[in-house]
Amino acid sequence: MSTVPAILALADGTVFKGTAIGAVGHTVGEVVFNTAMTGYQEILTDPSYTKQIVTLTYPHIGNVGANSEDTESGAVFASGLIIRDLPLLHSNFRAEASLSDYLKANHTVAIADIDTRRLTRILREGGAQAGCIMAGEIDEARAIELARGFGSMAGQDLAQVVSCDAPYKWTTREWRLGEGYTEQGEARYHVVAYDFGVKHNILRMLAERGCRLTVVPAKTPAAEVLALNPHGVFLSNGPGDPEPCDYAITAIRDILATRTPVFGICLGHQLLGLAAGGKTSKMKFGHHGANHPVQDLDSGRVMITSQNHGFQVDETSLPANVRVTHRSLFDGTVQGIALTDRPAFSFQGHPEASPGPNDVAYLFDRFTAAMDAQD
Amino acid sequence: MPKRNDIKSILIIGAGPIVIGQACEFDYSGAQACKALREEGYKVILVNSNPATIMTDPEMADVTYIEPISWQVVEKIIARERPDAILPTMGGQTALNCALDLSRHGVLEKYQVELIGASEDAIDKAEDRGRFKEAMAKIGLSCPLSFICHTLEESLEAQAKVGYPTLIRPSFTMGGSGGGIAYNREEFLAICERGFEASPTNELLIEQSVLGWKEYEMEVVRDRADNCIIICSIENFDPMGVHTGDSITVAPAQTLTDKEYQIMRNASIAVLREIGVDTGGSNVQFAINPDNGEMIVIEMNPRVSRSSALASKATGFPIAKIAAKLAVGYTLDELKNDITGGATPASFEPSIDYVVTKIPRFTFEKFPLADDRLTTQMKSVGEVMAMGRSLQESLQKALRGLETGLSGFDEQTTSEETIRHELGTPGPDRILYVADAFRIGLSRDDVFAISKIDPWFLAQIEDLVGEEQALRGRRIEDLAHGEMFRLKRKGFSDRRLALLLDTDQAGVRAKRWALDIRPVYKRVDTCAAEFATNTAYMYSTYEEECESRPTNNKKIMVLGGGPNRIGQGIEFDYCCVHAALALRESGFETIMVNCNPETVSTDYDTSDRLYFEPLTLEDVLEVCHVEKPFGVIVQYGGQTPLKLARALEAAGVPIIGTSPDMIDAAEDRERFQKLLQELALKQPPNRTARTPADAMRLAEEIGYPLVVRPSYVLGGRAMEIVHEPADLERYMREAVKVSNDSPVLLDRFLNDAIEVDVDCVSDGVNVVIGGIMQHIEQAGVHSGDSACSLPPYSLFPAVQDEIRRQTIAMARALNVVGLMNVQFAIQGDTIYVLEVNPRASRTVPFVSKVTSAPLAKIAARAMAGISLVEQGFTAEVIPPYYAVKEAVFPFIKFPGVDTILGPEMKSTGEVMGVGNSFAEAFVKSQLAAGDKLPRTGKVFMSVRAGDKNGCVEVARELQRLGFGVCATRGTAKVLSDAGLIVQVVNKVAEGRPHIVDLIKNGEIALVINTVDEKRQAIQDSHSIRRSALQARIPQSTTLAGAQALCVGLQLDDFGIYSLQELHARIKR
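Residue numbers (full-length UniProt numbering), protein chains in the order written: chain C, 1 to 375; chain G, 1 to 1068.
A couple of the hints might just be wrong.
Straight-line C-alpha distance at most 27 Å; calculated BS3-like pairs for lysine-lysine [what the hints assert, rightly or not]:
hint: 1; chain 1: C; residue 1: Lys17; chain 2: G; residue 2: Lys511
hint: 2; chain 1: G; residue 1: Lys43; chain 2: G; residue 2: Lys138
hint: 3; chain 1: C; residue 1: Lys17; chain 2: C; residue 2: Lys104
hint: 4; chain 1: G; residue 1: Lys973; chain 2: G; residue 2: Lys938
hint: 5; chain 1: G; residue 1: Lys336; chain 2: C; residue 2: Lys284
hint: 6; chain 1: C; residue 1: Lys17; chain 2: G; residue 2: Lys973
Hint data in this document are derived by calculation from the structure and do not stem from the laboratory.
Please build the complete structure, drawing on both the sequences and the hints.
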């Protein structure tokens, strides 16, 4: 068994030595940890991980291999993967390839056999920082230099980088055991979804609920969207800092003025907050996991949610017509907002799960209810 | 929603004695519940018949009843204490069934007591197979095809529909008792018969088999606002077909994609909602078809369970404590997650960044006639848990933590036939045969085809075998840093490497240390390091960063007892917990090392620091290296840590308390004999044999009958009474491997002697007697299996004083610092010393509960240098009441096994009965042990020659009480000669109808059957005892037991006494 060496170098100069399990070469990005114990393929293919290298805290990653169903986009978006152990064998009835082969096929640089708990503790204490995985030919000094050259995610508009080039339709519904993905029948609503790096499961869940979807590029002006006469507008998740996305913020303001129902998730939530007049800020190491408790402030109910964000909406910055609807029970940060004078609301975590629990799926129903209310 | 103020007092029902299927995990959950509810200001009333529990410590509840757990007794407690509510979900199936009985008999209504934690309807819906199936159908979940049956005819019809193999599951039983898998009609009929007997509702579920499907468990917690969280997912290494309690299990689930996992998560929450578990923890079991992911629900437990104890230890989330608080009205978001210091709420799902493995511990060697194949009825008596940063590491740590002598994947056989059999028909060691299969060249596909164990697991074992084979023939010197580090990361123990490299453990250790390869310690924090923790709950692994952060405080380390097994159970964990509590109170930092997830000792807040580690020399030395304790206590955890004492001492570890040399002086027959001679104390004539020929010669010197046993054993393993040379010859040939290093001990057996147990404590200067316990069964029955009375019920004061004198003399001579237990036999006027154990004994918790003197705490402080005088403990406490400890046996779980008592310990647990007279205490102990004492009916007697005289009195007494008497010919003659009216009954060999027919026909109310300790005699009468057991007829296999029973039967009624009021009666 010949192993290819790899290192992970952090901007602070820490170097971890391990084994390459993906493509040979190097990659640079902001290093973040995710505590979800399942769903690595969904994570890798989530466009929100653009320019991020993700380390998964559960030590065995790759147990179920990879398949063509558990993807959230057409490609691997994470800049790299860091794990403790790649198992000797994957085992699942749906597996089509090993994780390692999948990473190689997607040209993803990845490293295994390092103390990922130590790495997580570094990120927790010092905050997210840039890192470089180098696999194959190793040059520690250069790797550290590359990591240091990455800079910060703050100020980076990545939504327009990952967005689609042209509008497209979406008709696939949610996955079912034994059936896989099926196509929607008749649709009751027409929803335009802004693609800032949209996860497919959001589209699937909307389609499941009778939404005929037109997915449009990030920079589509409001007028073009409104010209499609949608029942509602959806603001997707996506990577990077929301603040530089002024094109989107402007468009959202225009759409809100028409009283069209608006639903935002993650980056879409932050953009709604900004459009409503609030502010956003970068968090120390963000929320990345599938076990975060979020309270619905109206019902008092606690939902376990999937989370993946490094920026947040600042509560104190919100104007009077914005109500906080959900709150993180981990750190009290804003997890959901609703406008009091417009049919618009948003959620910071991931109601579409994938990976993670489905506890917040009811927000999709709330969106269709909002569209019903407009009729 | 804050806590409820409309209830002020809560009755908690415990689980009773340790039995298979219900071990000390319910002491852990019950103790947590007591603490949690008192913290909230509720008055807690507790009932539990098991004195060896932490929860029955008098300071754990406001009012503590060590009383039988039956609805009649609990009604008396309710009438007296008038609690507002009952929490029935902490005491396993015993407590749930008791709560249902209370409800059925109108007690709850009569006294206006509310069930909290689980409603009667929810319990019934979860436990009643028919209702459960209906409920699952309602929420769109599948169950295996099955039929509820109340008669054999119905069962056969159902069987025809589901086909073979068929699963038979009795309703309302614990640990799958009475159930099984039938592959043919004969087996099916046999299992149905015993299943109907086992089910209190005479109800069976005849179920389609999903053998070979993957098995999962989810631990779910729900609050009254309908917030639901999953604490832990568990995947079974052993696929469907083996009871989950007997399966090797791994957390978290390994081979599910997120989509499949979420289906299971949603389903488990839906199950809780539909069954109506409003608050608390539950466990839901699933089976998954490995070919297509099809999922079915197997069952759910609407209470905390063994799995929830495991999940609590595996994740650091204290399910029982939280469940108790939810039961009184809190919601999850109102409760804190202690492990993060309250930085986060309890309303989240733990994320773990390590792999947890649980391996069950079996004791089939105790029951040679028991069927050791694993099916749907649980047979294990304990379990070990291990954590590592990879499955391989955690698996190998668990194997060496089992205390079965394994160093890892030790070779079992090279026979392909045996291997194939063991893989396909699992027994207790299947996982070891998986490794053997790879060693002889079977492929992964072969092993999967036979065992259905998921290839993901198989690949890991195959890899370990590959590593091992690559080491063969090499030398330890050749291992470089990289290779050694890789091997240690895969969990290989030093001992295993030594075996593979043909060297010794010390050699591997020296080399490893020279390479500077030491384990690091990672924290269990519920959150995969997302939040900081100050909770020092740790496990070892081979990684880069160590998080132990040891302090410079004065520390005492307590070594625990490892997995429960017969001979070493909860009593030792009780002592370890007491040591930790006492020394913490005295200002020391306490460190616990143990690997048993069922225990209170492995609760992360029992000690200041918890190392969840196997108790092997390697693992303990590494913890000592990091912590550098001021002292280590080895005398509380039973044989497990004691075995390590000398090696630890040799490695420079400071052992406190009685020195390992003195422990050895007491265990080593020859040294001990010398010591007794110096003290002028008597021993039964005895010899030590180092060869079989030796044994035969020495036996003639001291004369038969003899007690024979290997040296250094606990629980009387391989101990026998032999009556003649032929027996001894067979014993030396079959039962032991005698050698110079492991000699066999021969003791003259004392006929008709009374056995006495004494516990004492010493600080090296003063010795104080803890208690003198008189056994009820005669000498020859293992002390752990014998009932005993404190204070003695028939020993003259002068004899007791002489026992005290001798005990103190021996404690002084052995320089005991800490606890010491002595067993005496009194034959006529002569006192013999049978054995001395300068360590915690099985009776310490019993004595402490009875006398109110916490012996284990006192002794721990003495070991740490606080004298008995300073502690104010200078005089023996003799209670003004009687307490009887009775043993509880697992015979019902092992069809065909004899119930006769002998020198080899067979009991799994104990109960206590207390009363103003010996009779009252004895009767209550029998009730607590599960016997129903008859008031009328016919008594069957068949006694051995030596008991013929004594049996007359017993029979006379029984007749006076209104019982009829029947007896076998010999016994009947003695009785009629004495003028008694007696009916003669055939022995089994004498033709029909015989005694077994009578028992089966329900004509017998009580069996008194004593036999000589001779093989033939035992075999001849086996069917009598077995059929009485099956028919649940109380039986006494000793005359002394029968005599005690007669005394007890004279009692019309008995009182209930709380521990607190009893202790108040003690004059200091």
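Going down the list of hints, with the structure as the test:
| no. | hint | in the structure |
| --- | --- | --- |
| 1 | Lys17/C <-> Lys511/G | 24 Å, holds |
| 2 | Lys43/G <-> Lys138/G | 40 Å, violated |
| 3 | Lys17/C <-> Lys104/C | 20 Å, holds |
| 4 | Lys973/G <-> Lys938/G | 17 Å, holds |
| 5 | Lys336/G <-> Lys284/C | 23 Å, holds |
| 6 | Lys17/C <-> Lys973/G | 87 Å, violated |
In this structure, the hints that do not hold are numbers 2, 6, in rising order.
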